[in-house]
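S.K.: Each chain, letter by letter, is given below.
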Amino acid sequence: AQKVTQAQTEISVVEKEDVTLDCVYETRDTTYYLFWYKQPPSGELVFLIRRNSFDEQNEISGRYSWNFQKSTSSFNFTITASQVVDSAVYFCALAPGYSSASKIIFGSGTRLSIRP
Amino acid sequence: EAGVTQSPTHLIKTRGQQATLRCSPISGHTSVYWYQQALGLGLQFLLWYDEGEERNRGNFPPRFSGRQFPNYSSELNVNALELEDSALYLCASSLDEGTEPYNEQFFGPGTRLTVL
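Heads up: the protein sequence lines correspond to chains V and B, in order.
Quick note: the numbering used here has the first sequence finishing at residue 129, numbered continuously throughout.
Quick note: the numbering used here has the second sequence finishing at residue 411, numbered continuously throughout.
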């Protein structure tokens with residue numbers, strides 16, 4: 014069975030603090046994809062990153078960075094020097110390889126609040 | 296370029312009624328996905344349409360149905376509404392079937408359905 018766990022339901026930090034959102038996944042597939050999405054108050058999900066299971070390199074995009082560790086089945090997301098505009102719900106997702114996007118499974122999300 | 300649009304923004308119905316939700320994908324996108332985001336339950340995959348055909352459906356009863364029109368827009372119909380159908384319904388579109396490595400899904404702002 015496939016599963017995505019985002020244990021942190023809500024996180025609140027003061028602006029400029031660094032914050033890490035945890036994501037732990039379960040799958041028996043050897044090929045799979047991991048995603049992070051951001052859902053601002055407006056509602057629409059915004060794609061942030063897609064990573065396949067064979068690429069364990071960490072990735073940095075501006076203030077965002079992702080740490081993928083197959084050994085612990087984790088795909089954590091860190092925001093450095095957080096800003097109020099980062100306030101949103103963040104979803105981690107998992108999809109099996111050799112399948113369709115309709116098989117993407119989302120975690121329950123982490124609500125991040127950045128206080129000025 | 297216009298993004299994914301959904302209408303209406305809000306919809307209030309009473310139990311037993313039918314609801315129709317609409318989605319217009321990004322121009323050039325042929326795949327449309329529907330998701331239900333109920334409070335505290337994360338995103339649950341509902342339906343996937345591509346080239347006018349239903350390609351896959353999630354674990355929802357048959358009273359959730361839909362269709363895709365020749366212009367690739369889509370409708371989601373929910374019959375015999377129940378209180379637990381109250382949720383944000385998100386539509387996403389992608390370039391094609393969204394098979395591996397998963398073309399990015401672009402999401403609309405959602406329709407908030409309230410069943411009284």
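By construction, these hints were calculated from the structure, which means they are not laboratory data.
Check each hint, because a few of them may be wrong.
Said to hold, decoys possible - Simulated restraints on C-beta separations: (1) B:P365 / V:V27: 45 to 53 Å; (2) V:Q70 / B:P356: 25 to 33 Å; (3) B:E379 / V:D68: 19 to 27 Å; (4) V:Q70 / B:R362: 23 to 31 Å; (5) V:A20 / B:E379: 24 to 32 Å; (6) B:E370 / V:T93: 38 to 46 Å; (7) B:T300 / V:I62: 37 to 45 Å; (8) V:S74 / B:G335: 44 to 52 Å; (9) B:T409 / V:S55: 14 to 22 Å; (10) B:G353 / V:I24: 40 to 48 Å.
Heads up, the beta-carbon is just placed ideally off N, CA and C, and yes, glycines get one too.
S.K.: Now look at each hint and say whether the structure bears it out.
M.R.: Here is what the structure says about each hint:
Taken as a hint, the range 45 to 53 Å holds for the pair P365 of chain B and V27 of chain V, whose Cβ atoms sit roughly 52 Å apart. Restraint check, Q70 of chain V to P356 of chain B: a C-beta distance of roughly 43 Å breaks the suggested window 25 to 33 Å. For the pair E379 of chain B and D68 of chain V, the beta carbons lie near 39 Å from each other, so the given range of 19 to 27 Å is not met. Look at Q70 of chain V against R362 of chain B: about 42 Å separates their beta carbons, and that is not inside 23 to 31 Å.
The supplied range of 24 to 32 Å is met by A20 of chain V and E379 of chain B, whose beta-carbon atoms lie about 25 Å from each other. Against the hinted window of 38 to 46 Å, the Cβ-Cβ separation of E370 of chain B and T93 of chain V comes to about 43 Å, which satisfies the hint. One distance hint, 37 to 45 Å for the beta-carbon pair T300 of chain B and I62 of chain V, is violated here, with the actual separation near 25 Å. The hinted range of 44 to 52 Å is not satisfied by S74 of chain V and G335 of chain B, whose Cβ atoms lie roughly 30 Å apart.
About 18 Å separates the C-beta atoms of T409 of chain B and S55 of chain V, a value consistent with the hinted range of 14 to 22 Å. Take G353 of chain B and I24 of chain V: their Cβ atoms lie about 29 Å apart, and the range 40 to 48 Å is violated.
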